[in-house]
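There are 2 protein chains.
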Amino acid sequence: MNSHISTFEPALADAALLAEESLEALLPPVAGPEARVLEAMRYAALGGGKRLRAFLVIQSGLLFGVDRRSLGRVAAAVECVHAYSLVHDDLPAMDNDDLRRGKPTVHKAFDEATAILAGDALLTHAFALIGSPEAHGDPFVRCELVIRLAHASGHAGMVGGQMMDMAFEGKTPSLAEITRLQRMKTAALICFSCEAGAILGKASQPMRNALLAYGQELGLAFQLADDLLDAEGDAGEMGKAAGKDMGRGKSTIVSVLGVERARQQAKALSEQAVRHLDLFDGKADFLRAAAEFVVARRA
Amino acid sequence: MNSHISTFEPALADAALLAEESLEALLPPVAGPEARVLEAMRYAALGGGKRLRAFLVIQSGLLFGVDRRSLGRVAAAVECVHAYSLVHDDLPAMDNDDLRRGKPTVHKAFDEATAILAGDALLTHAFALIGSPEAHGDPFVRCELVIRLAHASGHAGMVGGQMMDMAFEGKTPSLAEITRLQRMKTAALICFSCEAGAILGKASQPMRNALLAYGQELGLAFQLADDLLDAEGDAGEMGKAAGKDMGRGKSTIVSVLGVERARQQAKALSEQAVRHLDLFDGKADFLRAAAEFVVARRA
Chain A
1 MNSHISTFEP
11 ALADAALLAE
21 ESLEALLPPV
31 AGPEARVLEA
41 MRYAALGGGK
51 RLRAFLVIQS
61 GLLFGVDRRS
71 LGRVAAAVEC
81 VHAYSLVHDD
91 LPAMDNDDLR
101 RGKPTVHKAF
111 DEATAILAGD
121 ALLTHAFALI
131 GSPEAHGDPF
141 VRCELVIRLA
151 HASGHAGMVG
161 GQMMDMAFEG
171 KTPSLAEITR
181 LQRMKTAALI
191 CFSCEAGAIL
201 GKASQPMRNA
211 LLAYGQELGL
221 AFQLADDLLD
231 AEGDAGEMGK
241 AAGKDMGRGK
251 STIVSVLGVE
261 RARQQAKALS
271 EQAVRHLDLF
281 DGKADFLRAA
291 AEFVVARRA
Chain B
300 MNSHISTFEP
310 ALADAALLAE
320 ESLEALLPPV
330 AGPEARVLEA
340 MRYAALGGGK
350 RLRAFLVIQS
360 GLLFGVDRRS
370 LGRVAAAVEC
380 VHAYSLVHDD
390 LPAMDNDDLR
400 RGKPTVHKAF
410 DEATAILAGD
420 ALLTHAFALI
430 GSPEAHGDPF
440 VRCELVIRLA
450 HASGHAGMVG
460 GQMMDMAFEG
470 KTPSLAEITR
480 LQRMKTAALI
490 CFSCEAGAIL
500 GKASQPMRNA
510 LLAYGQELGL
520 AFQLADDLLD
530 AEGDAGEMGK
540 AAGKDMGRGK
550 STIVSVLGVE
560 RARQQAKALS
570 EQAVRHLDLF
580 DGKADFLRAA
590 AEFVVARRA
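Just so you know, the sequences run in chain order A and B.
All the letters of the first sequence, read from the start, carry residue numbers 1 to 299 under the working numbering.
All the letters of the second sequence, read from the start, carry residue numbers 300 to 598 under the working numbering.
Misleading hints may appear alongside valid ones.
With a cut-off of at most 30 Å between alpha-carbon atoms, the simulated DSSO-like pairs for lysine-lysine come out as follows [to be verified]:
#1 B:470 <-> B:566
#2 B:501 <-> A:202
#3 A:250 <-> B:549
#4 B:549 <-> A:108
#5 A:108 <-> B:407
#6 B:470 <-> A:108
#7 B:407 <-> A:171
Calculated from the structure, these hints are not laboratory results.
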């Protein structure tokens, strides 16, 4: 299975480059007294990161021959939503984090009001990006993206997941409850990223379902790997404080299952994700490699 | 001109009813640990208010024979965006308001994290509502709504206006700067509400432009009337503390022009708004009355 990883990293770097270029073009700085919110948006969205979600949009879309301009725009939209969710989750009233990827979080680098507004504007901007004709020539496709992205991000997705995360603090939720939380908080946007490629490529329903199922397992594997890194990692590698979840009384699958069983579970999820790709040929090898990558990563 | 007002209030009440019914149906309560965010969304969105924006969507759409189901959905979406903006503007890091329409603000009734998340989810929900086929049968129309709503709400609209508002605190911006702020912060969503009816009705460009121009003047008149109420009103009538803008060092058109000239300016804007409706027949009388209403209101 490790054969894919060597070709994966250049593909991830290529996706990161396309996402950064698109975001740079689609979030131009402005002058005037409102400039600060755009600076904060750029700080949050252009601040690096693995760009896994952009990669998933791009590689899923390439399976169906979607052009790079569309993919760059939709990848940028997904990265805006991801960036917004990090900015708001880091706020003092939420997770109260001072560092993100080794840099001050937006409310630390700017201020709290600017961070709230920058998050709001990044979320809004994502819908402007995917609603506009440059995302795809067919308005039906664009509406489908809007609806699915809204579903993945809203109260039935990311926002609901973050609400559950806070509701469970200091409590001992069951494994099923934590899994549902993670499906909403993390897997929903990862799923959407995979589905977006299928929507843009007007894929058949079985292929779209396969990518959704892949995204679902991948998202859970990714979160589990993240929790393992948090439980074991050191702050230098993570670019944020390690062991924070436990310190904060947050239950994770790792705290319920223990490190060893959690690691096995992550591997099983990654393998299940790969199996959902069986109806695709070698063009899906980058997605197969991504499933290996998310559980092998060290940061 | 006062002839319109008597027929206006029932039309506003009818719009409020349609908006409330739509919101009630489109924001059903959920069970589970994420229920709290939906409760907060409902508290914010179903908490009353004049529903001026819903009225504008509905009355603009009725000029072109748009059906009430579409109008109810789009009106609900606009009211979700309006509610989100109030929830976030009221936060401690922003305007730090404890009361809104005589009730505790969302972060007081729930908590700060829940208020941030409820605002995020209301904004997201608005895009889900207008992106879906129930908003309009033609996906091109729905995309147009998505793009224009995103523009009105994002960094070039409401969010940018709120950023300017905070940037100007304790400063003395010029009349031109305050007007630009208010175009972005308040008039943009009011404009969109008027334009939405034209988009849904596939209106000719001149008619769409007329409604946009009407919305622009109406939005400024509305904000000016609000500032006059703040400068003169008492807390009981407003449902929030009066004189707050001045106490906070916020410049308004009233603080620059003085009450008397500001009142004349509001009247002039209202009359200009009405003149933009000249190419519509008696069906636009409710919109004409709205322009009178916004400057005559006492709360």
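Results of checking the hints against the structure:
1. B:470 <-> B:566: Given that 30 Å is the threshold and the Cα spacing comes to 27 Å, the pair holds.
2. B:501 <-> A:202: holds, 27 Å
3. A:250 <-> B:549: violated, 41 Å
4. B:549 <-> A:108: holds, 25 Å
5. A:108 <-> B:407: Holds, at about 24 Å.
6. B:470 <-> A:108: holds, 24 Å
7. B:407 <-> A:171: Holds, at roughly 24 Å.
This entry does not satisfy hint 3, going by the numbered hints stated previously; all others are met.
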